Every structure is written in structure tokens, then in C-alpha cells.
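Turn these sequences into a full structure, and let the hints steer you where they fit.
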Amino acid sequence: MRKFGIALLFVILSTLCFHTPLSEARFYIDINAPALSAIPIAVCDFKDIDRTGNSRLTRSLPQILNDDLVFTGLFKSLAPESFLDNPGLTREQINFKNWRLIGAELLVTGGFSVNGNTLELRMYLFDTFGASMILGKKYRGNMEDHRIMIHRFANDIIHHLTGEKGIFLTQIAFICDVTGHKELYIADFDGYNPHQITNNKSITLSPSWSPNGNEIAYTSYRDGNPDIYVKDLYTGISRKLASYPGLNIAPAWTPSGEFVAATLSKDGNPDIYLLYRNGEIFKKLTNHRGIDVSPTFSPDGKHMAFVSDRSGGRQIYIMDIDVGETRRLTFKGRQNESPTWSPKGDRIAFVGMDGGKFQIYTIKPDGSDLRQLTHLGNNEAPSWSPDGRLLVFNSNRDGKWSIYVMNANGTNQRKILSMKGNQMSPRWSPRLEW
Amino acid sequence: MKHYVRVRLFTFIWMGIFLSSIFFAISCAKKVVRKPAPEISVTQEEVKRLEEEREARRRAMIEEEVLREEGKPIGRYVGDWETQKKDFEMEDIHFEFDSAVLTEDAQSILRKKAAWLLDNQSVEVLIEGHCDERGTAEYNLALGERRATSAKSFLTSLGVDANRLATISYGEEKPLDPGHNEEAWAKNRRVHFVIAK
Numbered sequence: 054m055r056k057f058g059i060a061l062l063f064v065i066l067s068t069l070c071f072h073t074p075l076s077e078a079r080f081y082i083d084i085n086a087p088a089l090s091a092i093p094i095a096v097c098d099f100k101d102i103d104r105t106g107n108s109r110l111t112r113s114l115p116q117i118l119n120d121d122l123v124f125t126g127l128f129k130s131l132a133p134e135s136f137l138d139n140p141g142l143t144r145e146q147i148n149f150k151n152w153r154l155i156g157a158e159l160l161v162t163g164g165f166s167v168n169g170n171t172l173e174l175r176m177y178l179f180d181t182f183g184a185s186m187i188l189g190k191k192y193r194g195n196m197e198d199h200r201i202m203i204h205r206f207a208n209d210i211i212h213h214l215t216g217e218k219g220i221f222l223t224q225i226a227f228i229c230d231v232t233g234h235k236e237l238y239i240a241d242f243d244g245y246n247p248h249q250i251t252n253n254k255s256i257t258l259s260p261s262w263s264p265n266g267n268e269i270a271y272t273s274y275r276d277g278n279p280d281i282y283v284k285d286l287y288t289g290i291s292r293k294l295a296s297y298p299g300l301n302i303a304p305a306w307t308p309s310g311e312f313v314a315a316t317l318s319k320d321g322n323p324d325i326y327l328l329y330r331n332g333e334i335f336k337k338l339t340n341h342r343g344i345d346v347s348p349t350f351s352p353d354g355k356h357m358a359f360v361s362d363r364s365g366g367r368q369i370y371i372m373d374i375d376v377g378e379t380r381r382l383t384f385k386g387r388q389n390e391s392p393t394w395s396p397k398g399d400r401i402a403f404v405g406m407d408g409g410k411f412q413i414y415t416i417k418p419d420g421s422d423l424r425q426l427t428h429l430g431n432n433e434a435p436s437w438s439p440d441g442r443l444l445v446f447n448s449n450r451d452g453k454w455s456i457y458v459m460n461a462n463g464t465n466q467r468k469i470l471s472m473k474g475n476q477m478s479p480r481w482s483p484r485l486e487w
Numbered sequence: 041m042k043h044y045v046r047v048r049l050f051t052f053i054w055m056g057i058f059l060s061s062i063f064f065a066i067s068c069a070k071k072v073v074r075k076p077a078p079e080i081s082v083t084q085e086e087v088k089r090l091e092e093e094r095e096a097r098r099r100a101m102i103e104e105e106v107l108r109e110e111g112k113p114i115g116r117y118v119g120d121w122e123t124q125k126k127d128f129e130m131e132d133i134h135f136e137f138d139s140a141v142l143t144e145d146a147q148s149i150l151r152k153k154a155a156w157l158l159d160n161q162s163v164e165v166l167i168e169g170h171c172d173e174r175g176t177a178e179y180n181l182a183l184g185e186r187r188a189t190s191a192k193s194f195l196t197s198l199g200v201d202a203n204r205l206a207t208i209s210y211g212e213e214k215p216l217d218p219g220h221n222e223e224a225w226a227k228n229r230r231v232h233f234v235i236a237k
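Chains as they are written, first to last, in the numbering used here: chain X, 54 to 487; chain Y, 41 to 237.
Quick caveat, the hints were computed from the structure, so don't treat them as lab data.
One or more of the hints may lead you astray.
To be verified - Computed footprint of chain Y on chain X; a stretch qualifies when at least three of its residues, placed anywhere within it, have a C-beta under 8 Å from a C-beta of chain Y:
id: 1; segment: 116-124
id: 2; segment: 251-260
id: 3; segment: 315-323
id: 4; segment: 354-360
Said to hold, decoys possible - Computed Cβ-Cβ distance ranges for the label pairs, DEER-style:
id: 5; chain 1: Y; residue 1: A236; chain 2: X; residue 2: K453; range: 20 to 28 Å
id: 6; chain 1: Y; residue 1: T123; chain 2: X; residue 2: R380; range: 54 to 62 Å
id: 7; chain 1: X; residue 1: G321; chain 2: Y; residue 2: I235; range: 19 to 27 Å
To be verified - One-sided and incomplete, this derived list gives chain Y residues near chain X with beta-carbon spacing under 7 Å:
id: 8; residue: E178
id: 9; residue: L181
id: 10; residue: A182
id: 11; residue: E185
id: 12; residue: E213
Remember, predicted model here, so these are calculated numbers, not experimental data.
Ideal placement from N, C-alpha and C gives every residue a C-beta, glycine not left out.
Below, the structure is given as C-alpha cells:
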């Protein structure tokens, strides 16, 4: 699938009217500001430049860009009905006063031409108060890759405005039971195009993306025992990574991609091991008579958070891997699980039980500043976006288990997928090379 | 195992209290010239009372054990061969939440299964550990394995050859009851036995 995208997308990136280099760029949005209010942006209908009669695209293409920008929580989009003007593409053809008047601080214009199956797209971002162009790009590719082209432009917008890379070329891996078996699926970050990845006709669990996004490790009972497999997303081939006697579960890549941490019970007790990419054991990380599962690593790879019952209940612990020392992170309630370390390193999201229901919390790695993010129904399996600004999770607030996204502070919770069956264990990919 | 540890722990605590009482008695005895006598006798009474209590407890425990043996004879799987096999497989053992400790009921069912397995030496069994849906799939896989291993250890301690017993954990993946309430959860926290041969 990925290969398909890369092979067919001939993107011509030409910066039409160049902007200042990044080092001098003015960041319009300070995303670390304590009270960040969404910036009003107007995304105009795209122009059919060669008048090829693809009127459908004039609204559908900008809608994708609009949805991307709103998804971040950084922008609020102005309704097209409020627009006073139907501007041209470039600066000379825009009356910026008309946009300032309706409160738009940013303006996007765009145009397309279609030639056979080839789509050419031009998109511009303007600062309405400065009456200046921030960014302009042209893309050419196959029609079926139009979403990728627009996601790229959205990534560029985020990069120019915030100084951070965007997340619009990421995906979400998840487990779905719609076939009657739990199988691995992948959808785009916004829930678009969910498709089945495994066909094990067995129980499949615990997907984990490799840091380069090329592979997904998971647990499957395909051969009867819970073993760990690695699926290569380019070739589509699954190979068995670990099939020791007993449990081979809960894989998690180390940030370097060098090892996969997993719980094995080959010696009688479920402990966390580091495995080489060929499945051989590098070393045993936990050595305790309790259950140790669900490893997650700090971005520098020096610390591992995991779940253990060593002091009763299920609690989250943090191990300093080099020193080998372990301390307890969570103390509220008897059941805290599913830790996942933010890619920024500053917080750990996890699931705690509160009044018989499971809710998502975040906490600083030193154990301070505990915050509850969800309150409706049961909420489980949080996973961070690669910029650490959003969390994907699953919830049964609407009856069955489905996949939701929220801002890292718990605001703006919304369902991103409507599929039959239950969807579980969403895992956000790293940024993917497209 | 846990039971044993607890008994040992109690013994230690009682011994500790006993020894410190004696120590207290002796150290008080040295000061007997200045201290009034009743305090010593109170301590001795205390020691005596503790000892009696301990004896009473021990007797109670022994008695309870006897009652249990008498009250619950080891059950049997009866009927024709197919019925016996079916009944053996149908009878699960159940667990408390987040626990792999064998309850009284579980132990008596396992005694019955062990007796049957000792009578039918050709049978090999797959012991499946299951959990209720609460908590992560991953932790529950580990907990399910614990439960299966508890059952296996108990059977081997009663003389069943470990080579005849394989274990697997399904965690929360194969609930018997799909409900989301305590009744369903109680049914799903189980070890199930499948005759593999």
C-alpha cells in the first residue's frame, strides 16, 4: 500500500515564491503557550484552472485541507458562507481587507488542473494582516494520491507556523473483530481508508510500530500459541519473531529500532526481555516473581515504563535501564495499566480504574501532575501522535468499542472511525516517508 | 503456597510476641526489688493467655482440616467413558478478580480431576487460563497463564505427571459469557480443561 503511494506519486515540489529560510522564519503559533486559542483560518474553494469541468473537486479538495488543519486543534475554520469574496490564487488577486473583516487571520487559496489521471495542484497560504504570502507549493501526481498531496501541504503549513513537523502523513494501526476474528487493520490518522492487514483467522493483539514506520510487531495465536510476529508493510510478509514456550506478548520497539521489548514466560514467570530483530534474546530486563508486561520507552531509550503486580494490584513502574533501578509511578487506585510515553518525553499516558470504569490519565514521569482526561464510558489504550499533541484511544461511550482522538489536555474528543464490529488497541504511527 | 507462607508468618508473629513477653518478664524481674510484683504476674498471665489462644487456634485449625476431609469427599466422574470425558471437560474452576489463588471449591474440583487423571493414565490435558475483560489484554494474558499454572501445579502435586499437562493462556480473549457485569465476569475468570488425547 505504502509502496503503491510512493511509486505512483510524482510530486513536483516547486516553491513558487520563496519564503524566508526556516531559521529566520517567524513562527505564527507558539504551541507551548499556556492558553492557546484556535486561529481563525479561511480555506477557499479551489479553482479549476484549465476549466476541465471537475466541479466536484473545487469543494472536496479544500475540504481535506480544512479537515487536516482543524484536526490539530490549532485552527478554527470559517464557514464558506461567511466569505465576502471569491479571490484569485495569488497575492495580487486578493483583497485582504475582505478577509480581515470576517476575522480570518490566515487564508488558503488553491487551484487544480486535471490531465487524464494526472492531477496538478497549487496551494497558497496567506497572512491576511500582513497581506503577505507565507507559503506556496505546486504538486503533481496521480489522481488517487490527491489526499497525500494535500496532507503534504498541510504538513508544510504546520511546519511554517509552528516550527514543528505536521502529523498528516501518519497512520493508525488497530485491532478489529468485524470478520469474527481479531485482525490487524490500518487507517490514515483521520480514520480514512481503514483496511485489513492480517488475515490470520485467529486472535491478533498488541500492534507496535517500528520507529521508522516500516514494520508492525504484534501478537497472534496463528499457530496456537501467543507468539510475536513482525509484519513488513512494504512486502506484506509476516515473520515470526518470538515463539518461546509460554507467552510471547506485548511487543514494543525500543526508540532506536534495534530491539523489541516483550513479555516472555519461557522460564515460568512473565518477565520483560529485550529481543534482537532476529528474535534472539539480548537481555532480561525484569526479574521479579510478579507479572511484568506492557513496556514503553522514554524517547531517549534510557527509561522503560511497564505494568507489574509486584506490590499488589496492577501498577505502573519506571525502570532506569542502565542502572537497573525501578520505582513505582502510580499510586491512585488499584489498577493502572497501558502506559505510553509521550514522544516529547514530558508525560506518560495510561489507563486507570475510577469507580469501576477505566479512564485515561496523564502524569509526569516523576509522578507529579496527575490529570484525568476522559470521563464518559470506558476509555482505554491511549497512544500519542508523533508530535505529542494528540492522543488516539478506544472508548465504548457509544456502546461498542471504537476509536477516538483528543488533544493531549483531554479537550476535543471525537470519534474518527465508523466501522462495524469493535475496534481496539489503536497505535499511532511515527511520521511516514511518503 | 500462599497458605503455607501465611501459616509460617503467623507462627513467626506468635513466637515474636512470646519471646518479647519473656524478655519483658525477665527484664522486669531484674527490677523486682523496686517494682511491685503484680506487674510480673500480669505479664505471665498475658503470656499464658497468648499461649492458650495459640493452642486453641491450632486445635481449631486441626479440627477444621478434619472436617474438611470428612465433609468433602473427593468427587468422581461417573458414567460411560464419553460421559466421563465430557463431564471432566465441562467442569471449570473459578477465581477471584485479579487472582490466581485456588479457592476451596477449585481445590476440591482439582482433587476430583487428579483422581480421574490418575485412573486414566493415557489422557493428556490442555489447561486453558481465562480472565474477565477488565484491564489490558496483555496483563490478562499473563494472569490467565498464572491461573493455568496454578491448576497444573496443584494437579502435579497430587501425583499427575507434568508431561501430561500443557497450559495455554487466552487472557480475556475467549469469554464464556459476553456480558459486561459481575455475573459474566465471575463465569469468565476460569480455568478450562480440554482433553488433548
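**OP:** Count residues of the segment 251-260 of chain X with a Cβ under 8 Å from any Cβ of chain Y, then say if the count reaches three.
**Re:** holds (count 3)
**OP:** Kindly confirm whether 19 to 27 Å is satisfied by the beta carbon distance between G321 of chain X and I235 of chain Y.
**Re:** For G321 of chain X and I235 of chain Y the Cβ distance comes to about 24 Å; the hint holds.
Subject >> Interface hint status, L181 of chain Y versus chain X (Cβ within 7 Å) >> reply: This interface hint holds because 5 Å falls under the 7 Å limit.
**OP:** Closer than 7 Å between Cβ atoms is the bar; does E178 of chain Y clear it against chain X? Give me holds or violated.
**Re:** 4 Å, holds
**OP:** Between the segment 354-360 of chain X and chain Y, see if three or more residues pass the 8 Å beta-carbon test, and mark the coverage as holds or violated.
**Re:** violated (count 1)
**OP:** Quick one: see if chain Y covers the segment 315-323 of chain X, three-plus residues with Cβ-Cβ under 8 Å.
**Re:** holds (count 4)
Original post:
That 54 to 62 Å hint for T123 of chain Y and R380 of chain X (C-beta), does it hold up?
Top reply: 56 Å, holds
Original post:
For the segment 116-124 of chain X, does the count of residues with a C-beta closer than 8 Å to a C-beta of chain Y reach 3?
Top reply: violated (count 0)
Subject >> Status of the A182 of chain Y interface restraint (C-beta, 7 Å, chain X) >> reply: Holds, about 4 Å.
Original post:
With a cut-off of 7 Å, does the beta carbon of E213 of chain Y approach a beta carbon of chain X closely enough for the hint to hold?
Top reply: Holds. Min distance 5 Å.
Subject >> Cβ distance range 20 to 28 Å for A236 of chain Y and K453 of chain X, holds or violated >> reply: At roughly 35 Å between Cβ atoms, K453 of chain X and A236 of chain Y fall outside 20 to 28 Å, so the hint is violated.
**OP:** Classify the hint on E185 of chain Y as holds or violated, based on whether any CB of chain X lies nearer than 7 Å to its CB.
**Re:** 6 Å, holds
This entry does not satisfy hints 1, 4, 5, going by the numbered hints stated previously.
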